[in-house]
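2 protein chains.
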Amino acid sequence: MDKKNAFYAQSGGVTAVINASAAGVIEAARENSATIGTVYAGLNGIVGALQEDLIDTSKESSVDVAALKHTPGGAFGSCRYKMKSYDDSPLEYERLIAVFKAHNIGYFFYNGGGDSADTCLKVSQIAEKMGYPIQAIHIPKTIDNDLPLTDCSPGFGSVAKYIATSTREASLDIASMCATSTKVFILEVMGRHAGWIAASGGLAAEKTGDAPHIILFPEIPFSREKFISKVEQTISEKGYCVVVASEGAQYSDGAHISGSINKDAFGHQQLGGVAPTLASMIKQSTGYKYHWALADYLQRSARHIASKTDVDQAYAVGRRAVELAVQGKSSVMVSIERDSTEEYSWSLGEVPLEKVANMEKKMPRSFITKDGFGITQTARDYLQPLISGEDHPPYKNGLPDYVQLKNVMVPKKLKNSFEG
Amino acid sequence: MDKKNAFYAQSGGVTAVINASAAGVIEAARENSATIGTVYAGLNGIVGALQEDLIDTSKESSVDVAALKHTPGGAFGSCRYKMKSYDDSPLEYERLIAVFKAHNIGYFFYNGGGDSADTCLKVSQIAEKMGYPIQAIHIPKTIDNDLPLTDCSPGFGSVAKYIATSTREASLDIASMCATSTKVFILEVMGRHAGWIAASGGLAAEKTGDAPHIILFPEIPFSREKFISKVEQTISEKGYCVVVASEGAQYSDGAHISGSINKDAFGHQQLGGVAPTLASMIKQSTGYKYHWALADYLQRSARHIASKTDVDQAYAVGRRAVELAVQGKSSVMVSIERDSTEEYSWSLGEVPLEKVANMEKKMPRSFITKDGFGITQTARDYLQPLISGEDHPPYKNGLPDYVQLKNVMVPKKLKNSFEG
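Residue numbers (my numbering), protein chains in the order written: chain A, 2 to 421; chain B, 2 to 421.
A few of these clues could be false.
[What the hints assert, rightly or not] SDA-like mimics (lysine to any residue), calculated; alpha carbons at most 25 Å apart, straight line:
| # | chain 1 | residue 1 | chain 2 | residue 2 |
| --- | --- | --- | --- | --- |
| 1 | B | K60 | A | P149 |
| 2 | A | K397 | B | E338 |
| 3 | A | K309 | B | K309 |
| 4 | A | K309 | B | D392 |
| 5 | A | K239 | A | S224 |
To be clear, the hints were calculated from the coordinates, so they are not data collected in a lab.
Treat the numbers as computed from the prediction; the structure is a model and nothing was measured.
Go ahead and model the full structure; you've got the sequences and the hints to work with.
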């Protein structure tokens, strides 16, 4: 039997645990060395394959590979690069297959979200058509938790834990200060299309009335009037108000909240954000003193407060991808199945990529309270297990001790370079 | 001997560890019950004393008091309220002394920064003058680390650890993405007048050239030209650039960076901030894609990643304040002394309040590199021990398990209320 090498790439926005999936792939491949040769990682994701920039992971020690389990970011680099359709860009696929052929690559492990699932499927189909079959397995990853047909997506649980923790901590801060100072605190969180991350802020509350008092979801049309009224009501009852706002929160016509007033003096559009816009509305309507925070990359790289459940799942889906490949499977995504919520338990499954690609899973309406500003018990039951367990990284000199791989490049074999 | 009660109040912005000082005060007072009666805490700081809103800490269990050591925020409420001079506002001081007399309070423990040190001194002096002597001891607290005559201020080490960790984590994120996406990441941190917090971001770097590549201090006049040039040089060398910017960064004429372009469409001034302004400059001058984060309250409430050194010191200064009071001391601040840096060790001292009040300790120039964009080895030697050690809080259901005190109010004894 002809032993083939494997290609692994990270795609899209990275997470606190995507490297745990990489560790799972590399470790499982090493255990299956009778079937799988070397794991080559794409430098900066699929772009690495196109440019024949391959990293030889066999040069990494087992200690360093294991350390990927507690290291955030993308150890080999990721990219925002969506492959076009074959009809639009046949050269791209031909190049990919040429690189795979040159390096005897027979396994394609793609670690990403919905767009990457689509690419993974195309690579499998086109390789087949071009007479160089590739076993393509998709490894789920997205902080947005919007992949369909999997109970959750690796990366989400850790962001959720970070946001819930930060919301609880900042709420204690403002509760202490509100008598004479700040009355409103707004935390802007990621999630352009789905409110999963915003919802996780709701876990900070232990009982009814606890902060956060308002959550703004992309799924619920924003009404300035209702929002301000809820802020005022909350302050009159509690003395302060904590808001968790999704960056994707929008008006009923689809206009983003920050859209109206996010031009700076230079006329740039990227400035601003939902939190300062809401703060400005509150100041204008009520005069209350406010503070706001925008966690941005901090939330998705916060490996120091990762969810153990999330780390375990990220690692497991990486391993399972290799196991499925060894079993001869292709064009599937590894999925996470919830076997029980009461006493949370999970197992791994597989889903045909046709069903996954380019679908977005939004928050069900039943997860959001009737007034649109909170999460229901159903949502809590779903979310709570995903943030469970701590997996503190090792520390050195007071800081998390993250690994930096050697990333030794594989000598190129193709004469021409890829122009893209 | 007439056994007197004690009054304890938290002042100004709260921190991740100010409650550890509260625990130190309460536990030490309980151990010295032959001398000190009940510890009354001011509801919302000194305002609680003026309004006779006193919390009876004797109603709290020893387990709950101990849990304050791992709970952020101000357990009794804090305030932003600066007492005027006696000449400007004699009624305020007379009221304070009346409340102290009514509740047989002979010890005043004030937990705050420079302003509070000043208040603490005044209370001591005026009480003496009014024939009702109070032993007033100041317990240092400020994330800004700008208190003089103490090696560091409790609260700072934990913010420093949070900022250094977040900088390291976000840097791994952008390093993964920069090939095809974001090239610049800016983290805005607190510190309106002194660059201590911004400097702590520099600890994220392990060796020369590591992120963060640029730190902006309030102490160094900002030059847009030099800044943009450094950003471009860094991106051409590293592929990306990480900036840690103090909210207090300013031009040579004292104008804040965000000052020029922080008006929103409603004309409000509070919107904006240094990070989005810098991002806008970069976009305008270079066109690079950027991300920015503004940690705000998240940084000073992040008990989940507190520095063990900081927690230990915060607790110790609280205990020592009581011990000094028992020894008959007054008008002093407990200070932290660095006995050795090489193998870091510290002990407690005391400083006369006259020398502390209303002084600000800025970063020495020797802590900042010649080009003004980084920290020197001297700064690292100073900062590193302060973020050392982890003191993970207990977790429940995936979240830090912070205590909520009962906060039982003491029945009022005075007929009149205070109008302020």
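Which numbered hints turn out to be false for this structure? As far as the earlier hints go, only 1 is violated by this structure.
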